[in-house]
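Q: Protein sequence lines correspond, in order, to chains E and F.
Just so you know, we're using this note's numbering here: the first sequence kicks off at 2 and counts up by one.
Just so you know, we're using this note's numbering here: the second sequence kicks off at 2 and counts up by one.
A few of these clues could be false.
Identical copies carry no separate label here, and so any pair may be met within one copy or between two of them.
Claimed, not checked - No more than 25 Å apart at the CA atoms, straight line, and that leaves these computed lysine-lysine pairs for PhoX-like:
#, residue 1, residue 2
1, 297, 247
2, 30, 139
3, 139, 181
4, 181, 247
Please keep in mind that the hints were generated in silico from the structure rather than gathered at the bench.
Protein chains: 2
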Amino acid sequence: MDSSQAERKKIIVIGGGLVGALNACFLAKRNFQVEIYEAREDIRVAQSVRGRSINLALSYRGRQALKAIGLEDQVVSQGVPMRGRMIHSLSGKRSVIPYGTKSQYILSISRKNLNKDLLTAVEKYPNAKVHFGHRLVKCSPEEGMVTVLGPDNVPKDVTCDLIVGCDGAYSTVRSHFMRKPRFDYSQQYIPHGYMELTIPPKCGEYAMEPNYLHIWPRNTFMMIALPNMEKSFTCTLFMPFDEFEKLLTSNDVLDFFQKYFPDSIPLIGEQALVQDFFLLPAQPMIAIKCSSFHLKSHCVLMGDAAHAIVPFFGQGMNAGFEDCLVFDELMDKFNNDFSMCLPEFSRFRIPDDHAISDLSMYNYVEMRSHVNSLWFIFRKNLERFLHAIMPSTFIPLYTMVTFSRIRYHEAVQRWHWQNKVHSIMKHRWIREKNK
Amino acid sequence: MDSSQAERKKIIVIGGGLVGALNACFLAKRNFQVEIYEAREDIRVAQSVRGRSINLALSYRGRQALKAIGLEDQVVSQGVPMRGRMIHSLSGKRSVIPYGTKSQYILSISRKNLNKDLLTAVEKYPNAKVHFGHRLVKCSPEEGMVTVLGPDNVPKDVTCDLIVGCDGAYSTVRSHFMRKPRFDYSQQYIPHGYMELTIPPKCGEYAMEPNYLHIWPRNTFMMIALPNMEKSFTCTLFMPFDEFEKLLTSNDVLDFFQKYFPDSIPLIGEQALVQDFFLLPAQPMIAIKCSSFHLKSHCVLMGDAAHAIVPFFGQGMNAGFEDCLVFDELMDKFNNDFSMCLPEFSRFRIPDDHAISDLSMYNYVEMRSHVNSLWFIFRKNLERFLHAIMPSTFIPLYTMVTFSRIRYHEAVQRWHWQNKVHSIMKHRWIREKNK
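Just chain E, with the same shape it has in the complex (with noise of 0.2 Å):
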């Protein structure tokens, strides 16, 4: 198919979020005609918006993706560098815990921002469109049709060649998949909520260090904090919906800070972190896998609506974003042929989905319980150690996770490898403590 026939088909990508619309931008590039349907009003000129998190972590994945629409140098000039893990502990003592090498770092990026340059970045394509306020209510992906409710509250029928479902965790696209033959799918929440608290800047500067993710390790929950370019942190308590809910009155939650993150009390001030507290209630944490992420060659997922995860290893956006990348990459290879590669994205992304999920799961419990144990912090060194001398054999996960695009079931093979490795490693280690 060249350009001229790939420019009169059309498609409709649901969802006007980070991955719609970086997505759109993709699409729009290939010469598509690409009209996105957001269900929310325009975030560049509606207030803000609540309940979900104000900051995430770009890495690896995610600045391939929005490198290869050309946004990659404003992104990160809008984000703050955290080169490592800043432990606290309960007695207020703080260690460093790098990410892996010197030159590499995450970034703490604003979700709003974000958002408003890939909205913006995709009406910069003639042909693309974005139509906010509109809510889908009908999906006919057989038919290569959509119904859509404006703000006229009339529902119209859009036609179209693709469906891009990028509709989020709670998809209505992915409903339609559920009594496709043999669909496989499991939704599943987790004990934990969390919930969003601010530490303001101090004298016009950050209040701690910023170049770090700072995480308050408590084994059965955990805070984090990750800085804005405004020199304040965000900060994100995690912590199972039963302890949340015994935290009644402002007295309760001063003595649970005061009891498990002190040094945080003055950083965050009592009376905002009251305020704060009881501003919204604990939001819920959900994963999600389905055996398919597409629809013969009408439909396909990607993003939270395919594989919403866990944040606990900061790749949600980062492989919603590669979601658009390996879909790209196949669109080359198979000259845009939608029926070649539905399929075979499924068939090579899944594994990969799959395996991130499952991996941010086991970083769920790493990041609040083990994170401050000696064994990891030994670990963590000879990990590096290892890297130094071994650089192309021995990669430690979380570099393989966030510094490369190695697939993400691979990264988990070769971690399995590589534990037998440690494991001998440990016993040696304990061997020569308990001399």
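The hints should help you fit chain F onto chain E, whose structure is shown.
A: Only chain F this time, still in chain E's reference frame:
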């Protein structure tokens, strides 16, 4: 609540299959106003419906539920007792492994007859009504309303105090649970499909020993046969879909049966075998798990709608029937108060339904590959021996599941403990054998 109050409450049961019809009997018996909406025509007048298994194994749990509505004797009189497994080896040798003691058996029952009997039983209650040919199009539990589409094709709103979803594995009622806060859900198809074949009577008599469940275990696949009242057997071939797909011609099918089930060919008949094989495609099998069976006090799921399981423990119908019985017991305990019964039903019943789901998946491997090993036969004998000398301490898993109402999840716990004993005995047995 006294019975006059109960009488005024209206319950809508969605689905008039086995569980829906039985449930309606239980609820009508409690003096509620009960309305069943069933999408299909009345099976008592319509042509036979294909696509579901023809016969089922009724065991203790199912019988206890039928007993509670006074239907046990009638149903049992129409079943064929099966006292054990009859294993057909590749060489044609047959050996028997009893299910339990001499007086214990399961019953091969016709799905269609049982369903007819249950529907007739419902209609005997003046306060119950069955609406056939009515498809559920909308379910609004919070408003206490369903919208159904009858033969006149005009959507009709019906109000009620409780909606009971008994609409099977692909439940429409359940789809309204998907956005319930923190609702975990999974659906998993197994790689195997199933296909039904028939062994007709031979000279007016059963062509094989009637009082057994016949099994042809062949490791990755298997065939079973259950006796019918009219002296035929219904065979079910379980095999991975990709193996089914390899059998494209009559010769492929005959060669396959000649290789793996040679003794069955003269019983089924070459012509009928080939004809039936290509009549319908192999059917999928799905396992479904939900983390909640109820929505507030408005809606509850039972049977396959709540927990479709694979058929390898013969417990699908029995578990569904026990759901109704457990719910009935809770209605006694909580004096017909839905707001108490529904949450308690979820809390109490889910561990059991999840346990029988896992056991059925486990038996899927056991039936097709372990059942013909020496170790399996040794273990069954050992279990019978231990059960005989310690009848209340040591109960074989099969007995607990099939011939008792020990809660499924407790049966699993006891079984794990008993397995430790087995494991010790196994080592001794192997040592003896190798001497």
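Q: Does the structure break any of the earlier hints, and which numbers would those be?
A: 2
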